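Produce the entire structure from the sequences given, and follow the hints as far as they go.
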Amino acid sequence: MSDATPILEVNDLASGYGAARVLFDIDFSMGVEAVAVLGRNGMGKTTLCNTIMGLVPAIGGSVKLGGTELTGKKTHQIAALGIGYVPQGRRLFPSLTVDEHLQMLVKGTKGHRWTKDAVYELFPRLTERRKVSGAALSGGEQQMLAIGRALMLNAPLIIMDEPSEGLAPAIVDQLIDTCHKLVREGHAILLVEQNITVATAVADRQLIMVSGRIEAEVDATDLMNDTDAQRRYLGVDSL
Amino acid sequence: MQWIALVAGWSVAAIFAAWVLVFANGTPAEPLVSQPGDFVKVLLNALTIAGLYFIVASGFTLIFGLMRVVNLAHGSFFLLGGYIALEFQKLMVGKSRNILGDDVGVFDWVIPLLLAAMIAGILGLIMQQVFLRWFQGQDMRETMITIAISVILADMMVSWFGGIGVDIQWPGLIDRAITVSGVRYSVSRLFMLGVAIVVGVALWAWLQKTRTGMVIRAGVDDTSMVQALGINVQLVFALAFFVGSALAGMGGVMGGSFAGLAAGVDGQWLLNSIIVVIVGGLGSLKGALAGSLLLGVVTAFAPSYLPAGFTNYSIIFTFVLLGAVLAWRPYGLFGTPE
Numbered sequence: 000m001s002d003a004t005p006i007l008e009v010n011d012l013a014s015g016y017g018a019a020r021v022l023f024d025i026d027f028s029m030g031v032e033a034v035a036v037l038g039r040n041g042m043g044k045t046t047l048c049n050t051i052m053g054l055v056p057a058i059g060g061s062v063k064l065g066g067t068e069l070t071g072k073k074t075h076q077i078a079a080l081g082i083g084y085v086p087q088g089r090r091l092f093p094s095l096t097v098d099e100h101l102q103m104l105v106k107g108t109k110g111h112r113w114t115k116d117a118v119y120e121l122f123p124r125l126t127e128r129r130k131v132s133g134a135a136l137s138g139g140e141q142q143m144l145a146i147g148r149a150l151m152l153n154a155p156l157i158i159m160d161e162p163s164e165g166l167a168p169a170i171v172d173q174l175i176d177t178c179h180k181l182v183r184e185g186h187a188i189l190l191v192e193q194n195i196t197v198a199t200a201v202a203d204r205q206l207i208m209v210s211g212r213i214e215a216e217v218d219a220t221d222l223m224n225d226t227d228a229q230r231r232y233l234g235v236d237s238l
Numbered sequence: 000m001q002w003i004a005l006v007a008g009w010s011v012a013a014i015f016a017a018w019v020l021v022f023a024n025g026t027p028a029e030p031l032v033s034q035p036g037d038f039v040k041v042l043l044n045a046l047t048i049a050g051l052y053f054i055v056a057s058g059f060t061l062i063f064g065l066m067r068v069v070n071l072a073h074g075s076f077f078l079l080g081g082y083i084a085l086e087f088q089k090l091m092v093g094k095s096r097n098i099l100g101d102d103v104g105v106f107d108w109v110i111p112l113l114l115a116a117m118i119a120g121i122l123g124l125i126m127q128q129v130f131l132r133w134f135q136g137q138d139m140r141e142t143m144i145t146i147a148i149s150v151i152l153a154d155m156m157v158s159w160f161g162g163i164g165v166d167i168q169w170p171g172l173i174d175r176a177i178t179v180s181g182v183r184y185s186v187s188r189l190f191m192l193g194v195a196i197v198v199g200v201a202l203w204a205w206l207q208k209t210r211t212g213m214v215i216r217a218g219v220d221d222t223s224m225v226q227a228l229g230i231n232v233q234l235v236f237a238l239a240f241f242v243g244s245a246l247a248g249m250g251g252v253m254g255g256s257f258a259g260l261a262a263g264v265d266g267q268w269l270l271n272s273i274i275v276v277i278v279g280g281l282g283s284l285k286g287a288l289a290g291s292l293l294l295g296v297v298t299a300f301a302p303s304y305l306p307a308g309f310t311n312y313s314i315i316f317t318f319v320l321l322g323a324v325l326a327w328r329p330y331g332l333f334g335t336p337e
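Those protein sequence lines, which keep their order, are chains A and B. So for the first sequence, numbering that gives the first Met the number 0 puts the first residue at 0; every next one is plus one. So for the second sequence, numbering that gives the first Met the number 0 puts the first residue at 0; every next one is plus one.
These are calculated hints, taken from the structure and not from any lab test. In this text the structure is predicted, and so the values were computed from the model without any measurement. Be aware that one or more of the hints could be misleading.
Unchecked claim - Dumping the calculated DSSO-like pairs for lysine-lysine here, alpha-carbon to alpha-carbon at most 30 angstroms:
1) A:K106 / B:K40
2) A:K130 / B:K285
3) B:K208 / A:K115
4) B:K285 / A:K73
5) A:K106 / A:K130
6) A:K130 / B:K208
7) A:K130 / A:K109
8) A:K63 / A:K109
9) A:K109 / A:K72
10) B:K208 / A:K106
11) A:K130 / A:K180
12) A:K63 / A:K106
13) A:K115 / A:K180
14) B:K208 / A:K109
What follows is the structure, encoded as structure tokens:
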């Protein structure tokens, strides 16, 4: 699936917190497609996101975005190079209204695909709530805003960390639709999930993460049909 | 418990009102019914001094309240700003002593004010970039560093500008009094209130309506998330530090014109700012406004409406205010729990 020049290329990436190493030899690359990183709690999925974003320094290896090395760069430089980040737990700003979340990122969006209006068009629900504080939104609305905020960077790559966490099933379906739409629009999506249904619905390629390593790469349909693998990698008994 | 606080609050207000209205015989101002003119003057004193409190404390609430940098050198930038403006005024007027209102045109005051605010802002920015940037969130280190800087600056200012109190001269245009229906009042004090209103509106608009203001508020909520959205938050915080210190310097010019500059004034204004921000609540512009007004009312009314002979104790009421507000709302009037 990967193009000749991958959007994201991760080689031998290692990182951790102080003396505690969390990630080992992470290797993968992706083009304009959705790729899921699937694993149980505590396997290093969020650390992988934080390391790519420069929020946790890499100990070794490299991360390249469209050929540009990211390790060693500051977080704001990495994001500006072209990564829209949707963090675990949304991390909206309680002091800002919905509209202000988008307004603060409006600079440079003119003439690009994602402007404030385009985000409101994608999530009409947010238009109705534009004057409301980010903290007063429902879980689904919060997720829409977190995604919309990331889109405002007009980045080729979107990283989503556990976006389905705490959402009602109907809202999760909308989230899956949104991901499909974004891939059709030409975004690459790196989706980090522990929910196998969401991960397989969004992406064909499933990177299975166990104890800070990518243990295997499997195809979504294969994984869905292989309950053995599900139990082995993810500890899920059934769907 | 809420109604007890309400009853207590209204009782205190009612007793205060009754005292000022009819019972305040033998005080410097006399009761309102017999000396209404004095009441108006004291009220105007309260409002105008509140204006100056607000200018200085709004800078403090930007740095300490919003960015949570413990900047105990805020008063030093106040005093330094005042001295710098005085030096520029001497240069512009061409006299080094006995400057009178007639010597000072509007620009001989406004340009020193702008230069002093600018220099105080730049010095604050340098302090933040050189010393404080590395210790974000480490209150104890910030405290020690800024105390050290304020002590050094205090000594340097005595050696540079002398230990004797000096005044910045208001421009002649506003250095006079007007009389409205029998009440004479100083134009320069009213001007101070006007400047405070302009500063307040401008700051509010900056924080609420501009993208920079939104980034500052977002950065206070979650610094690393703002960075993950491609924004260099350090740049924005540096700007906020500049503005906060410039406001201290600007306050120093107004305070130096209104009450004079002397060694020790720096500590006094640091204390004023801390009281305003604690009473109003950390990081809230509305809180800084409310805190300034309350402190202004207390500092203007206590010395005028305490019985003559007891006016020396008026400073105590500042702490009564602080204690009462903290007992009622431990996070300040507009503060929110962490």
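**Indices of hints not satisfied (ascending)** = 1 and 4
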